[in-house]
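Here the protein sequences come in this chain order: C and L. So the mapping is simple: the numbering used here equals the position in the first sequence, first residue as 1, plus 255. Each step along the second sequence adds one to the number in the numbering used here, with nothing skipped, and position 130 is 127.
Here are the simulated DMTMM-like cross-link-like pairs (lysine to aspartate or glutamate), alpha carbons at most 25 Å apart as the crow flies:
| id | chain 1 | residue 1 | chain 2 | residue 2 |
| --- | --- | --- | --- | --- |
| 1 | C | Lys441 | L | Glu44 |
| 2 | L | Lys143 | C | Glu514 |
| 3 | C | Lys406 | L | Glu14 |
Just so you know, these hints were derived from the structure itself, not from any lab. As the structure is a prediction and not an experimental result, all values here were calculated from the model.
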Amino acid sequence: MQPFKPVLLEAVGVPNGYTIASYKSRGGYAPLEKILAEKQPAEVVEMVKASGLRGRGGAGFSTGLKWTFLPKDHPGPIYLCINADESEPGTFNNRILMEDDPHQVIEGIILSAYATRASTAYIYLRYEYPQSWHRLEAAIDEAYAAGYLGKNIRGTNFSLDIYLHRGAAAYICGEETGLIESLEGKRAWPRIKPPFPAIEGLFHKPTVVNNIETMACVAQIARRGIEWFKSIGVPADPNNPRDPGSYGPKLYCLSGHVEKPGCYEAPLGITARELINHFGGGVWKGRKAKAVIPGGISMGLMTESELDTPLDFAGPGKVGCLGLGTAAVVVIDDQTSIVDFLHNSCRFFAHESCGQCTPCREGTSWSLRMLERMKAGKGRLKDLDILLEIGNTMGMMPGSTICGLADGAAWPIKNAIKKFRGEFEDYIKRTNPSGWMVTDPVPALQIVGAH
Amino acid sequence: MIAAQKILTDEMVAKIEALAPRYPNRRALTLPALHIVNAELLHVPLEAVAEIAQVLGLAPAEVQDTMTFYEFFHQEKPHGKVRAFVCRSISCALRGGDHLLEHLCHKNGIPPYGTTADGSLTIEPAECLGACDFAPCILANDDLLKNMTPEAAEAELQKPRARAT
Ligand SMILES: Cc1cc2nc3c(=O)[nH]c(=O)nc-3n(C[C@H](O)[C@H](O)[C@H](O)COP(=O)(O)O)c2cc1C
Ligand code: SF4
Ligand code: FES
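Using the sequences provided together with the hints, build the complete structure.
Written out as C-alpha cells, the structure reads:
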C-alpha cells in the first residue's frame, strides 16, 4: 500500500479540532473566501464536475453533473438538502465527520449552495446522533458569527441559512425523496421518479440532495484543487467510455470481526484484504474471514476469495455485489453461520421497508418469515429457490418497486444463497432431517405463489 | 361546556413557533413539533396530536399519519426516563448484540419495547446506530454506551441520565 495522509479525517485526534479556530488554522474557510471573491457559481459547478467527484451517499452519481440538472435561470427558491440520515448498517463515517470536523462539512455546504444558487440548506440528521447535533449546532453558530452564513456573505449578494432538521429513526428517510417527504412533514414514502428532485423536489422546488462526506470532499477540492483530487483513486477505464472513474480519498468504515474496527481514510480502490490487514489488525482472534460486506449490508457479500477486489465504484459489481454503496466493510468470520447473517439482513429490511410497494413490503417480510422458519429447524431446500425468486423479482432493477431499498434487501439474499448454497443446504438437512425434501406449499408460501 | 384540558404548554407552542421561519409552510413543522412534545411528555398522546394539528393548521389525521409512520413516537404511555436503544443490526449482532438485548430484557423483567414498572427504563431493539466501531453498543438518552458486555450494560442502565436533546 502507498503511504497516504488522511485529509478528510485530518481533524481526528486534534484537540478541539471541531472549533472554527482549529479549522481555520488548518486552512479552512480561506478557499471559500477566495471563491466568493473570484468565481461565479457556474465556475464552482465546473470545478466539482472536472474533479470527477462522485456522491458518497451510496449511489455514486457525479456531483457536478447532478448540479447541472437544476433548471437554468430559475427564480428560486432552490433548496439544498444534506443527507445525514446515515443508517445503512455498518456505516458511521458521516458521524465522525460531523463530530470531529463539522466546519469542513459546513464549508462544503456553503460552497455547494453557492454553486447551486440555493439560499436555504437543510441538514437532515438522524435522531440517533445527539453528539453530531450538538457539534453541528455549535459550528453553525460559529459560522454565522464569523460571517460565513447569513445575509450577504462576505459582502457578496449571496445569502445562506443552514437549518438542522431531526429525523425519527427510520432508514427510509435516507432515500433522497423519502427524506424530502419526511422534511415536508409527511410519512417518508419515496416518490416515483421522474420528476427528479433537481426539477421538483422539496416544497415542489428544484432541490439537490447530497451526502455529508460529499460535502467534505467539495471543501477539500476547493482547498487543494482538481489535480490533487484526480491524483488519488482509480482513473476512468479508457476502454469503457461510460466509466467516470473513482477519484479522491474515501472513508471506509470497518467493523464486525476485525481486531481494530474504525473509520479509515484511503484512496478509492483499496481492497478489502488491505483494509482488514493494514488498518483492521486482521480478522479477530486469528480466525479467517468467511464473507465480507463491501459497502453496507445492502451491497451483498464477497467471499474470502473475492477479498482482493478493489473497493472503487466499479469493483464490488464485478464480483456480483450491488456496488460500493457506503464503503462500509463488515467482516464475518469463519465461525459464523451464513444463515444467521441472512436472517439478520432480512429482519433489517422487513423492519425498514416503508410498505408502499407490494413486492418490497411482502417480499421482505416473507423472506424474514422463511429465515425464521429455517432457524426453527423447519427449513426445506425448496425455500432457497423461493428466496431467490423473491430476490430476483423485487427492486428497481427488475422494475417492480419505487426505490432502491428493495434492491438492497434482495442483494444479500441473492449473494448469500448463490455464494454459500452448500452451507444453506447442509444447515437445512441437518436441522430438518425429516422435512428438508418436502416441496408442498406451507401456508405462508402459498401466498408467495399468488404474486 | 368544559374548556378542553390543554396538553401542549405555552413553552412548547413557543418552541414550535420559533422554528416556523425556517420553513415555507407549517406542515414541515410536524416532525419538529412531535420531537418538542415528546421530549417533555415522553410520548405523544392523541390529544397532543390534535393540539399540534390545531397549532399547525392541519387535520389531526395528517399529524397522526406522520407520527405513526415513525415507530419512534409512543402514543399510549410514556417511555421510561431512560430510553435505551440496543442495536441489533449486523455489526453489533456479530459481536453479541442480540444476546445483549435478551440479557437486558431478562434482567429488567420486561419484553423488548417494554418499560419497567417504576417508569425508569425502556429497552428497545434498534437498527444500526451508526456506531459499529463500538459494537455492540447502546444509545441511552444522549449517551452512547460503547463495546458493551451484558454485565456492563446492566450496570450502565441503572444510572439516571440527563437528556439534553
Ligand atoms: C433505502 C435507501 C437509503 C439511503 N440512505 C442514505 C443515507 O442514509 N445517506 C445518504 O447520503 N444517502 C442515502 N441513500 C442515497 C440517497 O438516495 C442519495 O442518492 C444520496 O443522498 C445522494 O447524495 P450523494 O450524491 O452526495 O451521494 C439511500 C438510498 C436508498 C435507496
Ligand atoms: S421499495 Fe420498499 S422502501 Fe422503497 S418505496 Fe417501495 S416499499 Fe418503500
Ligand atoms: S450495527 Fe450496531 S451500531 Fe451499526
